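Engineer: If you want the building blocks of each chain, they are given just below.
There are 2 protein chains.
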Amino acid sequence: MHAEIITIGDEILIGQIVDSNSAFLAKELNKIGIEVSQIKSISDKEDAILDAMKDAQKRVSLVVLTGGLGPTKDDITKSSFCSFFNDKLVHNQEVLDHIEALFAQYLNVPINDLNRAQAMVPSNATLLENRFGTAVGMWMENDDTVYVSLPGVPYEMKHITNNELIPKLKTHFKRPVIVHKTMMTYGWGESQIAEVIHDWESNLPEHIKLAYLPNLGRVRLRLTARGEDETVLTDQLDRLFAALDPLIGEIITGFESELPIQAQIGDFLQKRGQSIATAESCTGGRIAALLSSTPGASAYFHGSVVPYKTDRKLDVLGVPKAIIEKHSVVSDEVALSMAKRVREVMKSDYGIAVTGNAGPTKGDSDAAVGTVCIAIVGPDNEEVETFAFGENREKTLQKTVNKALEITRKVLAF
Amino acid sequence: MHAEIITIGDEILIGQIVDSNSAFLAKELNKIGIEVSQIKSISDKEDAILDAMKDAQKRVSLVVLTGGLGPTKDDITKSSFCSFFNDKLVHNQEVLDHIEALFAQYLNVPINDLNRAQAMVPSNATLLENRFGTAVGMWMENDDTVYVSLPGVPYEMKHITNNELIPKLKTHFKRPVIVHKTMMTYGWGESQIAEVIHDWESNLPEHIKLAYLPNLGRVRLRLTARGEDETVLTDQLDRLFAALDPLIGEIITGFESELPIQAQIGDFLQKRGQSIATAESCTGGRIAALLSSTPGASAYFHGSVVPYKTDRKLDVLGVPKAIIEKHSVVSDEVALSMAKRVREVMKSDYGIAVTGNAGPTKGDSDAAVGTVCIAIVGPDNEEVETFAFGENREKTLQKTVNKALEITRKVLAF
Chain A
0 MHAEIITIGD EILIGQIVDS NSAFLAKELN KIGIEVSQIK SISDKEDAIL DAMKDAQKRV
60 SLVVLTGGLG PTKDDITKSS FCSFFNDKLV HNQEVLDHIE ALFAQYLNVP INDLNRAQAM
120 VPSNATLLEN RFGTAVGMWM ENDDTVYVSL PGVPYEMKHI TNNELIPKLK THFKRPVIVH
180 KTMMTYGWGE SQIAEVIHDW ESNLPEHIKL AYLPNLGRVR LRLTARGEDE TVLTDQLDRL
240 FAALDPLIGE IITGFESELP IQAQIGDFLQ KRGQSIATAE SCTGGRIAAL LSSTPGASAY
300 FHGSVVPYKT DRKLDVLGVP KAIIEKHSVV SDEVALSMAK RVREVMKSDY GIAVTGNAGP
360 TKGDSDAAVG TVCIAIVGPD NEEVETFAFG ENREKTLQKT VNKALEITRK VLAF
Chain B
0 MHAEIITIGD EILIGQIVDS NSAFLAKELN KIGIEVSQIK SISDKEDAIL DAMKDAQKRV
60 SLVVLTGGLG PTKDDITKSS FCSFFNDKLV HNQEVLDHIE ALFAQYLNVP INDLNRAQAM
120 VPSNATLLEN RFGTAVGMWM ENDDTVYVSL PGVPYEMKHI TNNELIPKLK THFKRPVIVH
180 KTMMTYGWGE SQIAEVIHDW ESNLPEHIKL AYLPNLGRVR LRLTARGEDE TVLTDQLDRL
240 FAALDPLIGE IITGFESELP IQAQIGDFLQ KRGQSIATAE SCTGGRIAAL LSSTPGASAY
300 FHGSVVPYKT DRKLDVLGVP KAIIEKHSVV SDEVALSMAK RVREVMKSDY GIAVTGNAGP
360 TKGDSDAAVG TVCIAIVGPD NEEVETFAFG ENREKTLQKT VNKALEITRK VLAF
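Here the protein sequences come in this chain order: A and B.
According to numbering that gives the first Met the number 0, the first sequence holds residues 0 to 413 in order.
According to numbering that gives the first Met the number 0, the second sequence holds residues 0 to 413 in order.
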């Protein structure tokens with residue numbers, strides 16, 4: 000059971016936006032056993048759309064198109080559907096009622112002809128309701144291939160996918176089971192891991208595939224299994240990963256879950272009735288922004304102080320001047336003091352602190368560009384470490400955030 | 000002059016990562032007049048790679064592949080190149096020297112056979128140096144089509160593109176001029192704008208194209224012109240946009256520049272020798288993280304206080320308890336007080352403050368989910384406004400950040 004995703008829009012082809020819709024769709028389709036064999040981004044011209052629709056039919060039984068639906072002139076997916084399926088647009092009163100209700104509820108302007116035109120849909124299309132927007136989703140079939148068109152606005156597309164498309168696909172297609180599991184490692188490079196696990200990898204069964212996914216010091220190892228029975232496949236992956244423990248146990252930091260690490264930290268703290276706060280210099284609030292991005296974060300996240308200027312570390316956070324003068328502002332001692340101070344200021348159980356120099360120039364310290372000190376202080380334990388993350392500013396900041404959350408996990412010991 | 004981008008990797012097809020490489024490449028190619036007509040993400044199997052390479056040759060004169068290069072088994076682009084070009088892998092001493100130097104400089108482990116294999120390259124390939132990694136870029140030609148292979152690790156890919164690929168493309172191909180200009184608006188929907196500018200849009204010359212790009216309350220209007228002379232095209236776009244002033248002047252917030260809005264704010268402050276700080280409740284440090292993401296931000300960004308818990312607004316930031324009790328924690332009065340207090344605490348000229356309830360549940364205030372108050376206070380002026388951003392938490396947070404930066408621009412009056 001293979002699918003193809005086609006995203007329509009010149010804004011992708013000129014690099015004005017990154018296509019994140021495809022990743023969302025691919026993940027959701029994969030979860031129900033539909034394998035995406037290709038993703039294509041094309042121009043919003045009827046020729047390009049028709050070519051892509053025809054081309055996909057040779058290979059797959061499901062084609063999901065996003066984008067190219069909306070009130071203005073650059074939206075031509077509906078007319079392409081009519082050409083492809085030899086159909087015509089007809090007025091749909093239910094869609095018009097919905098558009099009028101949306102305008103009445105959210106906007107202060109009267110509905111115009113362009114909006115009214117959005118209630119014109121191909122006569123043979125099964126419609127997929129778009130509760131949050133005026134562009135309706137469409138499902139049409141040609142021989143054994145299903146074509147689905149979704150709007151490009153991400154939250155509308157996601158809503159239709161979860162509430163309309165996925166349930167319909169589940170009943171329409173017979174699908175195999177696909178199970179992924181991803182182990183996370185930190186510390187070794189891709190080739191070093193590959194050398195050590197070579198025999199294990201060579202002995203993987205035919206239906207299970209390994210991929211190495213390196214990124215900013217982390218290498219993730221992903222196993223993908225295809226088969227009939229989810230329990231059996233999951234069990235096989237668990238056993239295979241367990242066999243890696245004696246080989247690379249020292250670098251394994253856990254398994255990738257549906258939850259990002261900041262949500263895992265939040266869950267753990269909330270269950271224990273504990274709280275956390277951050278004091279961030281070079282990262283400028285990125286760790287706080289991540290910790291607070293999880294719904295319900297106020298149960299465990301108390302807040303943050305970002306003393307970007309050196310003096311603010313003294314007067315706002317209360318780091319003793321003597322420590323900065325003795326050890327310099329980028330030092331383990333200052334990071335530890337910041338973590339301790341932010342626990343007190345924010346009245347939290349744990350404090351994460353970061354002080355460093357991400358570049359491009361040396362700041363108020365003598366530390367080389369890329370030097371970052373990270374400290375985590377809790378009620379009973381503390382951890383501090385200095386890193387040399389290199390000269391790329393953005394990379395250094397991202398690595399710092401990753402590393403700070405990894406160390407927090409270690410200190411929390413979950 | 001058309002190009003196609005092919006990204007190789009199952010991690011994209013299962014939705015594990017978002018393909019941001021293509022957007023970068025598309026933008027860089029576009030800048031030098033090379034139009035990307037299609038972007039394709041495919042599996043890391045030799046069949047899929049060869050099919051995509053063949054298929055692209057029918058349509059374009061440049062094919063850029065990313066991913067599928069690296070030390071481990073799942074990397075098969077080089078063997079696909081050999082099949083496609085009927086070539087064979089040969090040892091390249093220069094590449095090996097480079098790999099050995101990288102290992103000596105950055106890693107503490109000896110080079111292994113997998114790394115040594117990375118010095119094997121197709122005998123007819125022109126190599127594109129990868130200063131930051133072990134996977135070298137390749138340039139090969141077949142009839143009139145150029146095929147380029149780049150590693151998938153984003154910073155390595157970007158570096159090779161900017162330093163090796165773009166200069167080589169500039170000399171290799173004769174290219175037309177493409178000019179984009181994007182106007183930003185805030186306040187009206189797509190269809191309302193389209194109705195008002197209908198006549199203007201209908202009269203656009205053949206070589207200039209308009210696109211509407213709606214996102215979270217902003218609608219961007221992008222004009223794309225193709226021709227011979229950059230000055231002439233730029234002048235045409237300027238005149239066309241100027242003609243929109245009398246039609247939609249009230250909603251125009253500016254033009255999209257290469258600089259994101261936080262960098263524009265930073266530039267402006269730095270030129271005037273002024274500084275800024277943020278006090279953020281529901282946004283949890285996102286505005287601070289953005290303001291500090293620009294290299295050199297320490298020249299104008301003093302820091303942030305994130306009093307996520309209501310009580311921290313009192314004890315850390317010093318908002319008077321009476322104001323919170325009288326007006327509730329989500330109110331214009333509290334936002335203004337936070338902005339004033341953070342100016343004092345962080346000793347900055349401007350203070351941005353946000354207090355709101357992003358949901359999913361009401362918090363310490365009676366304000367409906369989605370209510371956010373944003374205040375900007377400067378030496379001579381202040382601005383405060385309350386918004387109803389709706390029930391989607393993540394959307395509310397993003398809209399708040401966008402809106403806070405827009406209001407800051409307005410208060411700074413640039």
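You may find that some hints are simply not true.
What the hints assert, rightly or not - Simulated pairs of lysine to any residue, SDA-like, Cα-Cα distance not exceeding 25 angstroms:
| hint | chain 1 | residue 1 | chain 2 | residue 2 |
| --- | --- | --- | --- | --- |
| 1 | A | LYS157 | B | SER19 |
| 2 | A | LYS157 | B | LEU212 |
| 3 | A | LYS87 | A | ASN107 |
These aren't lab readings, by the way, just hints derived from the structure by calculation.
What you are looking at is a predicted structure, and each value in this text was computed from that prediction instead of being measured.
Engineer: Hint by hint, note whether the structure agrees.
Structural biologist: Against the structure, the hints come out as follows:
1. Among the hinted pairs, A:LYS157 with B:SER19 is consistent with the structure: their alpha-carbon atoms are about 19 angstroms apart, no more than 25 angstroms.
2. In summary, the hint linking A:LYS157 to B:LEU212 is supported, as the alpha carbons are separated by about 18 angstroms, within the 25 angstroms threshold.
3. Our distance criterion of 25 angstroms between C-alpha atoms is broken by A:LYS87 and A:ASN107, whose separation comes to about 32 angstroms.
When the structure is compared with the earlier hints, a violation turns up for hint 3 alone.
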